[in-house]
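Residues per chain are reported as follows:
2 protein chains.
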Amino acid sequence: MHKEQHLKSSEFISDIVIGMSDGLTVPFALAAGLSAAVTSNTIVITAGVAEIIAGCIAMGLGGYLAGKTEQDHYESELRREYEEVEKVPEKEMEEVKEIFAAYGVDDAGQELIVQQLAKNKDHWVDFMMKFELGLEKPDVNRARNSAITIGLAYCVGGFLPLSAYFFTNHPHDGLAVSAVITTFCLFIFGYFKSKVTGQPALTGALKVTAIGLLAAGAAFLIARLIS
Amino acid sequence: MHKEQHLKSSEFISDIVIGMSDGLTVPFALAAGLSAAVTSNTIVITAGVAEIIAGCIAMGLGGYLAGKTEQDHYESELRREYEEVEKVPEKEMEEVKEIFAAYGVDDAGQELIVQQLAKNKDHWVDFMMKFELGLEKPDVNRARNSAITIGLAYCVGGFLPLSAYFFTNHPHDGLAVSAVITTFCLFIFGYFKSKVTGQPALTGALKVTAIGLLAAGAAFLIARLIS
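Sequence lines, in order, name chains A and B. In terms of this note's numbering, the first sequence opens at residue 1 and continues consecutively. In terms of this note's numbering, the second sequence opens at residue 1 and continues consecutively.
The hints are simulated quantities; they were obtained by calculation from the structure and are not laboratory data. Certain hints may be false.
Since copy identity is lost for identical chains, a pair holds within one copy or between any two.
Listed next, the in silico DMTMM-like pairs over lysine to aspartate or glutamate satisfying Cα-Cα at most 25 Å (straight line) [unchecked claim]:
no.	residue 1	residue 2
1	119	94
2	195	72
3	119	173
4	121	77
5	68	98
6	97	86
7	119	70
8	130	95
With the sequences and hints as input, model every part of the structure.
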């Protein structure tokens, strides 16, 4: 029960991290790049909003499809394991033995485990799913929740850097304010991300900030080169 | 050996899918949105290239960090399991028994497995890593390979829709050609993605195409609304 809860909350956090990492970085970098090339904040805002909408939908629905695929995959493997246990039980028993042989369990031990597992087909299939294939039963609401969380996180992440262009009059000023806001947000985000994933928080914060600024710097330079 | 190979190739494919899904969708949608708002292909191309560079770096380095984090996490859990096996072996033995009790193995069977596992600390820790924590030892080159694959896939995916704006003279024409190219590429990509992940290929292709067109349509409408 506790473990299950832990798993769900970590999926939620991982979805926020997925959405917000890209959301804070890509629209910021795009706006920075355009600031090197155009003189109107409206174009930067238009492109930025278009990017955020596109990214939000693409990543959100992408997360939905990924969740659905994971579930379909689990169910098709589950059916296959039930079939194999039914049709070729000797082969499946051999596979169980091999799993334990790899951990130094002797023949008698392997035989004993196999006989006990084979008594109940549900237990046996559950065991093969987890220990042979490494698959956990996915949460039925995972795909939907994942889509919403990733999409919203991307939106929130994207509007923070873009907001600077709303209350400035020239892309150069917008970029300066946006860089300050985004550096601050990337650092805070990197800090909490590292905390929840159990990484050194300060190093993690610096890494995340560096990636964001690097992406924006590269976009800025290349856009200046083109225009 | 075969399983290991299967795992690596599926990680490679999964990285291509991650990079290309977003690469084919977001720059296309951004260009579509801008085409509703500006009259110069140069701005669309500048914004598109800036987005592709930013996305490529953000996603590539993001993949790198994710891979590194996975590895650090594995190593810190490994150290903890070695410590626990050393300091509180009775507690770890209880945990092994609980794992097997859940699958209907009786007391005598649990005891036998525990005794055999405990004979070799490396085997025992490996067992706990995989069966208690569900962690597989990550490939040492995973982070670097993942970064390169995701970044390149994003670039390739992004330049396909953008190419239309290079050989047309007005964003409206660019958008029309880009939509044709991208619909075609999304369909092909969705088809192969579904094939390799074992999903129904035609349905999968249609889903991927629909997401891309939906994102682009939304970006187009909202950009038109703003400008």
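Here's how the hints hold up against the structure:
Proximity of residue 119 to residue 94 under the C-alpha cut-off of 25 Å is found in both arrangements, the shortest distances being 15 Å within a copy and 23 Å between copies. In the homo-oligomer, the alpha carbons of residue 195 and residue 72 lie at most 25 Å apart only across protomers (14 Å), although the nearest pairing inside one protomer, at 33 Å, exceeds that limit. Taking the closest pair of Cα atoms, residue 119 and residue 173 never come within 25 Å of each other, the shortest separation being 72 Å inside a single copy and 67 Å across copies. In the homo-oligomer, the alpha carbons of residue 121 and residue 77 lie at most 25 Å apart inside one protomer (15 Å), although the nearest pairing across protomers, at 32 Å, exceeds that limit.
With identical chains, the CA atoms of residue 68 and residue 98 are never at most 25 Å apart, being 32 Å at best within one copy and 31 Å at best between copies. Only within a single protomer do residue 97 and residue 86 lie at most 25 Å apart by alpha-carbon distance; the minimum there is 18 Å, versus 27 Å between protomers. Taking the shortest alpha-carbon separations for residue 119 and residue 70, neither the intra-copy value of 29 Å nor the inter-copy value of 37 Å comes in at or below 25 Å. Proximity of residue 130 and residue 95 under a CA criterion of 25 Å is satisfied in both settings, with 13 Å inside one chain copy and 16 Å between copies.
This entry does not satisfy hints 3, 5 and 7, going by the numbered hints stated previously.
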